[in-house]
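J.: What follows is the residue order along each chain.
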Amino acid sequence: MEGSSAPPAVEASKTITVEINGTSYEREVEARRLLVHLIRDDLDLTGTHVGCDTGNCGACSVILDGTLVKSCMLLAVQADGASIETVEGLAEEDQLTELQQAFSDHHALQCGYCTPGMLMSATALLRENPRPSDDEIARAIQGNICRCTGYWNIFKAIKAASGQEVEA
Amino acid sequence: MPAMLLREVEYARPTSVEQALSLLREHDGARALAGGQTLINVMKARAASPDVLVDLNGIAQLRGIDLDPDGTLRIGPMTTYTELIRSVEARARPILGEVCAQIADVQVRNRGTIGGNVCSSDPTNHLPPLMVAVGAEMTIASADGERTVPAADFFLGVYMTAVGPGELVTRISIPPGRHDGFASIPIGKDGTCIVNAAASANGDLRVALGCVGAVPEVVQPPSAEPDVVREAVRAAALDPPSDVHASAAYRRHLAEVVAARAVQQASERARD
Numbered sequence: 000m001e002g003s004s005a006p007p008a009v010e011a012s013k014t015i016t017v018e019i020n021g022t023s024y025e026r027e028v029e030a031r032r033l034l035v036h037l038i039r040d041d042l043d044l045t046g047t048h049v050g051c052d053t054g055n056c057g058a059c060s061v062i063l064d065g066t067l068v069k070s071c072m073l074l075a076v077q078a079d080g081a082s083i084e085t086v087e088g089l090a091e092e093d094q095l096t097e098l099q100q101a102f103s104d105h106h107a108l109q110c111g112y113c114t115p116g117m118l119m120s121a122t123a124l125l126r127e128n129p130r131p132s133d134d135e136i137a138r139a140i141q142g143n144i145c146r147c148t149g150y151w152n153i154f155k156a157i158k159a160a161s162g163q164e165v166e167a
Numbered sequence: 000m001p002a003m004l005l006r007e008v009e010y011a012r013p014t015s016v017e018q019a020l021s022l023l024r025e026h027d028g029a030r031a032l033a034g035g036q037t038l039i040n041v042m043k044a045r046a047a048s049p050d051v052l053v054d055l056n057g058i059a060q061l062r063g064i065d066l067d068p069d070g071t072l073r074i075g076p077m078t079t080y081t082e083l084i085r086s087v088e089a090r091a092r093p094i095l096g097e098v099c100a101q102i103a104d105v106q107v108r109n110r111g112t113i114g115g116n117v118c119s120s121d122p123t124n125h126l127p128p129l130m131v132a133v134g135a136e137m138t139i140a141s142a143d144g145e146r147t148v149p150a151a152d153f154f155l156g157v158y159m160t161a162v163g164p165g166e167l168v169t170r171i172s173i174p175p176g177r178h179d180g181f182a183s184i185p186i187g188k189d190g191t192c193i194v195n196a197a198a199s200a201n202g203d204l205r206v207a208l209g210c211v212g213a214v215p216e217v218v219q220p221p222s223a224e225p226d227v228v229r230e231a232v233r234a235a236a237l238d239p240p241s242d243v244h245a246s247a248a249y250r251r252h253l254a255e256v257v258a259a260r261a262v263q264q265a266s267e268r269a270r271d
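Read top to bottom, the protein sequences are chains V and X. Residue numbers for the first sequence follow numbering that gives the first Met the number 0, so the first one is 0 and each next one is one higher. Residue numbers for the second sequence follow numbering that gives the first Met the number 0, so the first one is 0 and each next one is one higher.
Simulated from the structure, these hints should not be mistaken for laboratory data. Since the model is a prediction, treat every value here as computed from it, not as a measurement. Misleading hints may appear alongside valid ones.
Covered by chain X, per the in silico footprint, the following chain V stretches (three or more residues, Cβ under 8 Å) [claimed, not checked]: (1) 7-17; (2) 44-58; (3) 61-70; (4) 93-101; (5) 147-161.
Built from N, CA and C at the ideal position, the CB exists for glycine as well.
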């Protein structure tokens with residue numbers, strides 16, 4: 000029984016395996032390392048952004064074992080064995096997803112800094128809820144801050160990607 | 000030099016409550032890591048600097064929601080807000096999911112846990128006043144066994160609870176009831192609360208106010224009439240903090256307003 004076995008040793012660093020966008024990576028990481036720094040600095044997947052470092056802006060959002068999370072509020076060691084999707088995993092070769100194309104069509108980005116996080120949040124929404132209401136779209140991107148667009152074009156892009164009509 | 004925000008820390012991921020308890024007992028400066036949506040952030044700011052993190056995410060027995068035949072909910076402390084919002088069982092006490100849906104954003108709700116929320120005992124959190132109003136009980140385990148602490152005695156101060164060194168909350172029990180209310184004035188929609196109030200009208204009327212003191216302040220108005228509720232809050236002589244979001248006097252005013260609103264919601268449900 001697990002309950003009667005000795006507890007695992009405490010470790011300052013650990014070798015972990017994560018699968019990101021279908022590729023498996025094995026790395027030794029310090030326990031204090033945040034997941035976002037593993038993704039960006041160790042694995043050079045710089046599509047995932049760091050906007051605030053305080054868990055507020057959502058630019059670091061990734062999908063971890065099917066669940067949307069902010070990768071700056073997780074330790075890399077906690078992702079051991081997990082399967083992670085980042086913005087680099089959305090498009091197939093040069094073929095944008097419908098959502099990415101809708102972001103382009105509806106001018107849903109200006110500086111683009113928040114876009115990877117927005118795309119991951121909207122991707123998670125549309126998987127669970129392929130035809131979200133206006134309120135559901137707004138609530139789905141509540142954890143993602145955009146300082147350029149005023150959100151309306153992002154909202155329209157997500158709505159259009161769900162196959163619903165939007166005003167031009 | 001790669002980005003490194005946290006001070007050096009050691010880490011272990013136990014798979015049972017017994018393992019977690021022995022790790023917490025054996026290591027000075029060990030701290031339980033639940034959803035991490037508060038703790039990781041305060042570690043970045045060095046407001047907390049644990050030497051060892053005991054990650055509870057691998058312990059299946061700390062998750063899940065059971066509904067007893069008498070209507071009592073038994074909630075594992077590692078249950079996330081999202082799981083509470085979606086749980087069919089948790090609808091036995093509808094206010095739970097309703098309040099969890101007002102916490103922060105999707106990402107935080109996907110990771111943050113009910114146990115982490117109550118154990119952090121942040122006076123601006125949503126769940127401490129709610130737990131007090133609904134009469135929740137926390138089961139706390141240690142090497143010596145288990146004890147049960149009512150929510151009203153669980154919160155001891157800012158960031159302080161009845162959970163001592165080497166102890167762990169293993170269950171949160173919530174009695175049946177549907178006549179509850181919650182109202183808050185947050186900083187932006189679903190943001191941090193400036194003042195909040197939870198009310199329960201299952202039997203005697205009970206209101207628990209958050210953000211106005213170190214721990215939830217309980218008020219028991221003799222009736223649900225708004226003026227009576229407001230008078231009861233005034234009589235409690237609250238001494239809330241002043242900060243950039245609200246002066247103490249404004250918080251005292253808002254406390255009356257949210258208390259009356261929470262009671263109104265609870266008593267309307269009691270009439271239905």
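J.: Against this structure, judge whether each hint is valid.
T.: Hints versus structure:
1. 7-17: Satisfied; 6 residues make the cut.
2. 44-58: Coverage by chain X holds here, the residue count being 5 at a Cβ distance below 8 Å.
3. 61-70: Answer holds; 4 residues pass the 8 Å Cβ test.
4. 93-101: With 0 residues closer than 8 Å to chain X, the segment 93-101 of chain V misses the three-residue bar; violated.
5. 147-161: Coverage by chain X is violated here, the residue count being 0 at a Cβ distance below 8 Å.
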